[in-house]
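S.K.: Heads up: the sequence lines are chains G and V, in that order.
For the first sequence, this note's numbering assigns the number 1 to the initial residue and increments by one for each residue that follows.
For the second sequence, this note's numbering assigns the number 1 to the initial residue and increments by one for each residue that follows.
The set of hints was computed from the structure by calculation and includes no laboratory data.
Careful: at least some of the hints might be erroneous.
Stated by the list, open to error - Derived DSS-like pairs: lysine-lysine, alpha-carbon spacing no greater than 25 Å straight-line: (1) Lys273/V <-> Lys155/V; (2) Lys141/G <-> Lys332/V; (3) Lys290/V <-> Lys141/G; (4) Lys181/G <-> Lys103/V.
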Amino acid sequence: MDPLATIKEKGLCKLGRECYKIISLEVVRMAVNATPQVFLFLSQILGKKMVDPEGRRIGRVSDLIVNIADLYPLVRSVLFLPVGGEKPSRLPWEKISEAGDQLVVPSLSRERQTEAAIGEGELLLKDSLLDKQIVDTHGAKVLRVNDLHLLKVNHSLRLVHVDVGLRGLMRRVGLEKAMDKFFKWFFDYHLADYLIPWRYVQPLSSPALLRLKISQTRLGQLHPAELADIIEELDIHKRSEVFQSLDVETAAEALEETDPKIQVRLIENLNPAQASDIIEEMSPSEAADLLGDLPKDKAEGILKEMEKEMAEDVKELLVHPEEKAGGLMTSSFPSLPPQAMVKEALDLLRQQAENLDLIYYLYVTDEEGHLFGVASLRGLLMANPQTPLSALMDSRVVTVSLEEEKEEIADLFAKYGFKAIPVVDETNRIKGVIPFKSLLEVVAPQLGK
Amino acid sequence: MPETRLETIRQPSAAKISRKGFWKILGVYFALFGPGIITSNVDNDAGGITTYSLAGSEFGLTLLWTLIPITLALIVIQEMCARMGVVTGKGLSGLIRERFGAKATFYLMIALFFTNLGNTISEFAGVAASLEIFGVSKYLSVPLSAFFVWSLVVKGSYKSVEKAFLVACLFYLSYIISGFIARPDWGMITTEFLTPTLYFDANFLTMAVAIVGTTIAPWMQFYLQSSVVDKGLKVEDYQFARLDVIVGSVIVNIVAFFIVMLCAVTIFQAGVKIETAKDAALALAPLAGKYSTWLFAFGLLNASLFAASILPLSTSYTICEAFGWESSLNRKFAEAPQFYGLYSLMIFLGAGFILFPDVPLIAIMFYSQVINGTLLPFILIFMLILVNDRKIMGNYTNGWIMNLISYLTIILLIVLSGSMIFTSLR
């Protein structure tokens with residue numbers, strides 16, 4: 001039978017169509033050329049009787065050990081509790097054969113069974129996954145593992161899916177059949193298993209699992225805002241573990257999206273050097289907000305470790321209260337003198353775009369920062385590259401003072417529909433720019449949470 | 001040169017910090033002194049107030065002394081929960097799931113759901129009873145209060161909910177004021193409070209058991225631990241969490257003390273026979289003045305509403321954590337359907353039950369406490385195994401003295417609960 005059809009028929013995957021295709025193809029690739037292939041659940045293997053060839057009982061299966069480095073981890077060994085024994089022993093999976101409901105162990109290996117030590121790159125399925133929390137990096141959710149779905153091709157056993165559904169839970173309780181019957185009778189509906197492909201699963205049970213190379217890329221698949229939601233949902237210890245497993249750039253992006261209280265906790269757990277590496281990657285205004293919330297000595301320690309230029313920017317922003325224009329603005333915006341050409345402006349934007357908090361407007365200023373006008377990105381793109389900015393810019397700039405209240409600023413945004421508003425001092429020198437996003441976070445913090 | 005610049009820049013930002021300072025200190029205060037005190041105040045719910053009033057009006061001051069050992073037991077048990085919360089960062093149901101597996105957790109959660117549903121029903125009974133004193137029909141008061149409680153969580157943000165609850169805690173003062181209005185003989189009360197009296201009489205024992213059952217309830221352990229986790233307390237803050245638990249446990253029993261005392265010096269001495277908290281409130285009018293009645297009724301209303309909001313919330317949190325479902329007040333209904341579904345269902349069933357004509361309110365309150373008592377030993381045993389597991393608690397496991405006290409407490413509770421069930425089934 002076509003494996004694709006089997007998967008489809010059994011409703012093995014609840015995810016979207018795209019993903020379904022990817023998974024199915026992977027499973028097919030693994031199963032190709034292989035005749036006997038069976039799906040089975042960890043809960044069906046745990047507790048199985050193990051016997052020697054004469055049929056004498058040796059013990060019961062207590063866990064499976066897999067190789068974590070595989071895309072779909074291969075089961076290496078079985079951990080079992082010997083009859084009358086207290087400590088589990090391990091046996092290589094390939095030495096074990098199956099007979100009906102029992103696992104048969106060659107008699108010789110009885111003496112050779114090794115101590116149950118877990119090697120490098122190995123993972124205990126029950127101990128580190130079953131009933132524990134995982135991140136579904138495709139659906140961006142924190143879930144609890146109800147069961148594990150394994151695929152047996154010939155004799156090799158691989159972990160392919162994680163079961164997080166109600167059906168998996170009821171299977172563990174021992175009421176799977178009863179629940180199926182109930183659903184059929186009451187709703188005339190067959191409840192499908194809710195399985196997540198292993199490649200979208202990030203285990204969380206130990207810091208070691210998070211530090212694996214393979215894992216980093218998994219959490220990296222998430223959008224920073226989703227990652228922030230997940231971090232917020234975890235308990236206080238796991239938060240730090242997950243956060244510290246991220247690379248500096250991802251950590252900074254996720255941190256920008258995280259609740260301020262949790263931001264402080266996450267940064268407090270780092271040493272100043274680590275913290276400054278991450279904060280340097282954030283936008284100056286976000287960094288200033290965060291440092292303003294930290295205890296004073298901690299914030300100063302981090303500022304000392306930071307690159308000088310960024311530290312200066314942040315210190316300047318720190319002076320202003322968070323709720324007023326001065327606290328909302330960022331100092332990372334593009335500006336050029338009026339005699340500069342459009343070509344220069346576009347080059348500047350192209351080079352700096354990655355590091356600028358704002359690229360939609362270019363501010364035209366003199367060397368002291370007196371604001372003459374503003375040119376929009378659209379205007380720049382449409383203009384002749386040899387036009388001077390003074391000819392192109394709009395000199396009727398709507399500005400706010402450093403002390404402007406957030407409500408007034410919100411009114412201006414609503415009235416004019418700008419993406420950003422510049423902040424000037426008494427002598428019309430530009431001090432920073434408020435991007436719409438920063439304002440939105442202050443005026444409507446509940447949105448998107 | 002850069003050094004001096006840093007100083008000048010620091011100056012205004014220091015002002016910024018000090019402006020925030022007051023709120024920060026207040027925030028820290030609530031962060032550290034929150035969970036234990038809220039839990040304890042919810043503990044004095046409709047069932048609690050009824051039991052305390054009955055104890056005072058039927059047995060006078062003779063049961064007052066039991067509040068001393070109860071306070072100690074409450075501190076011992078809640079301290080373990082707070083410790084587990086701080087050390088593991090996980091809720092109790094999450095720990096139980098990870099340590100004991102899906103099957104045990106599943107049945108425990110089912111039992112907890114029905115136990116807490118029983119408690120919720122008795123909270124709405126309390127709402128109905130207290131507002132009837134003010135002449136409001138239960139057909140009006142119960143649906144309105146159910147909607148109020150439901151919208152508080154589903155529509156409101158977490159912040160306002162928490163503030164509402166914290167303010168509500170202050171209303172428990174009304175019992176203490178009522179106690180003073182009654183002008184009791186303090187010398188006699190002190191003597192009775194410090195002398196243990198025990199009658200081997202079935203009614204007396206049942207009442208003693210009921211007081212224990214209503215003061216130490218299963219849901220509290222889950223709620224307290226989750227709140228401690230929610231507050232994000234660190235191991236360094238643990239001593240504050242412990243203090244919070246101790247203060248909270250003492251507060252519950254101070255309120256209980258005043259209710260028992262108030263009913264003893266008025267209703268018991270006058271020889272009036274009462275059956276419910278409402279009877280108690282009404283009986284107070286001729287004996288201690290109508291303000292006592294109003295304060296008593298108001299206290300009962302607040303206690304019932306407060307507990308009616310927290311019980312369903314705590315139950316949904318607990319169950320969702322055990323099964324890994326989204327559970328957060330920051331999520332919308334569609335994002336956390338199980339969480340809000342369970343929450344709404346409990347309020348709907350809890351309030352709906354009270355609206356049946358001729359529903360036996362006293363029996364409901366009593367039996368909900370019997371179920372509480374039955375479930376409690378199981379949860380305490382789970383807790384003791386967890387708190388002594390080095391893999392989970394590291395160096396924060398129980399010491400032998402703590403274990404001795406907790407085992408004794410648990411054995412005593414099992415014996416008491418067992419005897420309560422035995423007497424109630426007889």
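S.K.: Which of the numbered hints are not met once you compare them with the structure shown?
M.R.: 1, 3
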